[in-house]
Structures are given as C-alpha cells and as structure tokens.
Amino acid sequence: MTTYREAIRTALRRLLLEDSRVFLMGEDVGRYGGAYAVSKGLLDEFGEDRIRDTPLCESTFVGAGIGAALGGMRPIVEVMTVNFSMLALDQVVNNAAVMRHMSGGQFEVPIAVRMATGAGKQIAAQHSHSLENWYASIPGIKVLAPATVQDAHDMLLAAVEDPDPVFIFEHQMLYGIEGPFDPNATLSSPWKAAVRHPGSDVSLIAYGGSVHKAMTAAEELEKEGISAEVIDLRSLRPLDRPAISASVSRTHRAIVIDEAWKTGSLASEVSATLAEEAFYELDAPIARVCTREVPIPYAKHLEDAALPQVPAIVEAAKRSVGNG
Amino acid sequence: MAEFVMPSLGADMTAGTLGRWLVTVGDRVSQGDIIAEVETDKGTIEVEVFTGGVIEALLVGEGEKVPVGTALAEIGEAGTALESASAPVSAPASASASRSRGIMTLGGSGDLDGPMATPAVRRRAHELDVPLQGLSGTGEHGRITREDVEQAAVAEVQAPSGDRVRISPYARRLARQRQIDFTDVQGTGPEGAIAARDLEGAPAKASAESPKKRMQRAIAAAMTRANDEIPHYYVEHAIDMGTALEWLREKNQSLSVNERLVSGVLFLRAVARALRKHPLLNATWQGREVIQGDGSHVGLAVSLRGGGLVAPALRDADQGSLSELMARMTDLVSRARAGAMRSSEMTSATITLTSLGERGVESVTPIIFPPQVAIVGFGAILTRPWVVDDQIVARPIVRVTLGADHRVSNGHQGARFLVALDRFLQEPDKL
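Listed in order, the protein sequences are those of chains L and V. Quick note: the first sequence uses our numbering, first residue 102, plus one each step. Quick note: the second sequence uses our numbering, first residue 1047, plus one each step.
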C-alpha cells in the first residue's frame, strides 16, 4: 500500500528522471518539501535548477511556467491551494487557454499545474474552497481530479505528456490515504470516468475527495438493500458525458456529490447533462449534495456541517429510490 | 353568430374526438339537426345543434380531439351568412369578417381543401406538428401566416394541462413503449410520482384498445365511482302483474305485430309517472347539491352484443301515448345497439331503468349510474303462488328493486315510490 502523496512523488521522480525538459516549481516545493510534503527529498536529488522555490506570487510563477512551456519545456507548477490560484487566473484564462487558438495552432502550452483543493482540515475559508469548477468551464485547458492513489500517479504522467495545459486538483484530505498502487501499471485514459462500485438502483456521481464519501455511502446503502453505483468523474474537462448518461441509464436515478457550492457547480453541469441527454431514463428527480453556500467555516462542527457528508448522500439516495 | 361547441356527453367526459362532420360550410341547419359525430369512450354519438342558421365555419377537423366546450363550428344567421359564404374572395366585408373570425369562410363553394395557407406555411405547420384546422389566420383574406403557426406551436407547449399525471420521465417512456395506461397507477416514487416499478400490472393503454375495451373501462370507472361514493339503499317490492298483462293481451289483439306493446313499456311509463310524484329520485347529485331533473327522462340500460352496456335516455317518458313510447323505445334500443345515439340521449337521464326479466332472473340489485341518484331494476314476470282474498292463486309476479342515493332520499320515500309504481301498474288503461 502506498499513500497518495507518495504516488505523486513517484510520478514526479519518474518524469524528472526520464525527461530533462521537466522541472517543478512553486511555493515551498524545494527546501520545505511542499505544503503537503509531496516533493520532500526531490530538491536533494534533482537540485535547485529543477526543483525551484518561487516567490509568493501565483501570477508570476504560473505565468513563468506558461512561458517555459511555450519555450519547449515541460513545467510542473504546484500552487499551494486553489484559493491562491485566483491570482494566476489571468495567466490561465488569457494566456495558457488561448495560445493554441490565437496562434492558429503554431504554439502549444504543455504545462501541468497541480494544486490542492477542498476542505476538512480546519484551515479556514482562504485555504478550503473547491473552485475547480471555475477551471472546468474554460475551453482550452483540461482539468483532472485524481481520487485514487493510482490516479494521482497516472494522471500526473498523462498531464505532462499532454500538449495542452492540464490542471490537476488534489483534494487536501487525500494526500495521506493509502491504496493499491502499481507504478508500472498500464496507463488508463485519464479522460474517462470510472465505475468505482457497480450498482443498479441509484448512481452516486462524484469526483476527487467526494468519491470516498460516495463509496462509504454506497456501503451503507447496501446494508439497506439499495444497490448504488459510484461514478468517479476523474476528468472534469472534458467531462465524460456518455459515461454519466450510461450509468443513469442503468440505475435511472442520480445523486451528484460535489464539494463545491451548489450554484454553478460541476454538480449542476452533470445534472444539466443528465436532463439533456438522459431525461427519459430518469425515474426520480436528480439530487445534488453540495457544500452549503457559505465560506468554509474554521470551527470543526461548522466545517463538517457545511460540507457534503455521508448521511446526506445516503438520505438523498433513499429519497430518490422512494418507498419501494 | 353562434358557436357550436364540443358537448359534454357524460359526467366524466373532458374531451371528445370529432369523428365526422355531417354538414359543410354553407349548409343550412335547424335546431335538433344532427350535424356531427363525436367519438367518446362510450362510442360514437351523433350530436345535435341547438341553434338554427347557416354553417359559416368548421373550426375542428375530423379526427381532432378537443376539450369539452371547444368551439367546433360557427353558425350564422341565415341571410347574412349565406351572402358572406357566397361572396367573392376579394369582397372587403367578407375578408374582414374572416380575418377576425377565423377560417374557411371564403371559398364558400366548399372547393377549398382545408384552410388557406401557402405551401411554405403548410410545411412549417407540418414541421411544428401544428394542425392548420382550427387555426385563426391573421394574414390577408384570413390566410394563415407563418407567425400564426409558430405562435400556435408555442401556445400548445405552454398550454397548462390540468390532468397531468406526476410520473418520472423514464416511467413515461416505458409506458409509451409498452402501451401502458398509467392514469390510475398509484405512484410510489419521490413525492408520489409514478416510478418505473409502479407500472407493473398497469392496464394497457386505451388508444391501443378496441372500442369495446374502452367502453369497458368507462363502465368500470363509472361503477367504481358509484360504489365508492354513493351510499346506496335498497327497497324491494313484488308487484302482481295479472291486471296489466291481461290488459296488454287485449290491447295487442287490435294491433299489428309491429305495433304491439310489451310489458317493458308499461314499466317504463309507470316509472316515469311515479317519478313525477317523487322528484327526490329524479335528479342528479353534483358534488354538493342535488339538481332536480327537468322531466321524466328515464335511462334505459341496454346491453350490447359483445358485452358493452349503455343507458341512453328516453326523454319525457311520461308524455305521449303508449304506442308512441313503444316506438321510441324500440328505436332507441336499436340505435343504441348500432352505436348511433344522440348527444342529448347520453346525458339527460335522471334515473335509470334496468330489466333483466328476459334473462329469467327473479330480481336485480342494481348500482346507480352517477351522477343520477336512483335506479330501478325489474326481474322476470314469473308465475308464483299468491294470496288473493285469502286464496292461494297463481299470479304473474315481478320483483322491482329501487336502488337510491341516501344522500338525496331515504327508504321511506323509496318505499312510497315503489307503492306508487305498483298502483300505476294496476291501472294500465290509465298509463
């Protein structure tokens, strides 16, 4: 068993070893070993040229990464949390995402940007929001959300290999989880959703940190005789719409779990997709289990209350299945 | 100008399909003329017109299903309408009239194939699945324009449907695929919506059914309602038919075979007469109040070959001679069996008479046909030992059962009705 952060570190090492164009940069990724200790030890192994600590200025180092990618490098940029990445949004939206389009295909931006997202560690509103849906709405970039240890590794490899900007959202509660891991496994396509738990009565559609809550909910539902299918979206842009519709075509009911605020969330996008593409498969209204529309609170009980939790998922699934 | 509307041909009818027009634009009609056939759950009904005049426009095409109350045709006053109907296309008065009133008034000669619209508009109507029949044209000379069609398409989408059933999209799709009628299905999904699992065992869809099955369902609905809603009480009485049958025998000797009277016409007349004295049984219950019948309109339960059952009304069955009543009864029964009843006959009954005598049973305990409040059942006239003047003699006896709505009348009143009925049958010459 390997931890999520070790799997990312394994991928980083492999990329740094195999491709001299690859380098890592970000706040505290070198001497400190990364805010979530992902890059611990890499500075000693690869040196300051390839493991670069940056100033506290997201616009600068994301922009520098975009420039390096344009120049032929394969930069991996770590942003401490998605909250801070707002400072770099201009670089993302107006440079990284549009360069291929505006240059008529002459330039590409093969940058990989990793950042932590999500809540649950009592680090308050400025470090706990889930804003990946903002990124997932931008044409020109790709967005991944690894939920498993294997995906944390595989998706980073895929992101660096991809010729376009790829943003990877790592839920901060996942860095310590352990799971099966094979560094030499054949890479599955990161752009496809995965069935994490097959079921026939209701689809629990989630991504990132919420996948694990959905899995726990599915186990609890099973005890009550309800067979839930857990869908891990994996890729948030492009969204694997056929897989979502296919699951609901099997179960005819959908609960979408998303740690973002409900309004304008990926859960909204998934729900709208189902309404558009699987309307005649729906045997119950779609339900969304999302974060309350408040800044994530610091106090433990309030933070817990604000986030989607297993009982709420179970409750929504039971309501959807009805009294049969 | 009068409108001829889709009539209500039964208490539960909300919409009807215009089966066939029996008139065309320009035809002169008078009150009571049958001008159309309407298809309902109960079969095809001929519909009379209540206003005389000239048909100016047919607003609903054959085969179209429309809600009760929808204008089907416009009927103008004889003189003016004829003029406008024969007016040339360019006549300004005619054009402006048609612009405001709708369609099909212009050709007059009846050579127009449907409403006026250009091929492009027809194509748009086809694309949007909007029937041109009944669409009001706002273009020149009342032509239907592209905008008219598009607005109609929007209006159709936005039209609220009051009887919409709460059902999941998936279940609705399954129901359509499997031709299932889900209107009476109990939903167990979220908020009582019908879910896919609720469709198990639901009946087949009416449209896929034969008229026979459709009628069966209509009967089932009416009888279920009667049984669920109406607190029935029953009073039974045995009536000595000796005098009446003797009178009939003598009477019939002077009549040709076609004119001969049967005991059923005596029952019918006696019920109609007794009803005049007992208005509480001659009424309909309209949810909260009793609406008194405006005459002795007696519904006759007629069993159809193949299993159906209808009860068309013989209006004013207390009026006219017995021979006339006999003729009317024969006509009504044969038309009912042929499926050619008139609209007024389908709704106006305020009591029903059912007779199972010809089947040989002794008595019948009938169920009221809502919204009526009473039903009278006759068994067979059977020869029975009967005590007359302390002597046991053989007499022809019929058992009559009154089933009545206890919300409206009571057993005391019901008993008096049966006794009155008995008295009428003892004096057949006065019927």
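One thing to keep in mind: the hints can contain errors.
Unchecked claim - Now the in silico label distances, taken between C-beta atoms and shown as ranges: (1) L:P299 / V:T1063: 45 to 51 Å; (2) L:E325 / V:E1408: 56 to 62 Å; (3) L:I224 / V:T1234: 57 to 63 Å.
If you are wondering where the hints come from, they were derived from the structure by calculation, not from laboratory data. Think of the CB as a built atom: it goes at the ideal place given N, C-alpha and C, for glycine as much as any other residue.
Consistency of the hints with the structure:
1. L:P299 / V:T1063: 45 to 51 Å: At roughly 48 Å between Cβ atoms, T1063 (chain V) and P299 (chain L) fall inside 45 to 51 Å, so the hint holds.
2. L:E325 / V:E1408: 56 to 62 Å: Given about 59 Å between the Cβ atoms, the range holds.
3. L:I224 / V:T1234: 57 to 63 Å: violated (45 Å)
The structure fails to meet hint 3 from the earlier list, while all remaining hints are met.
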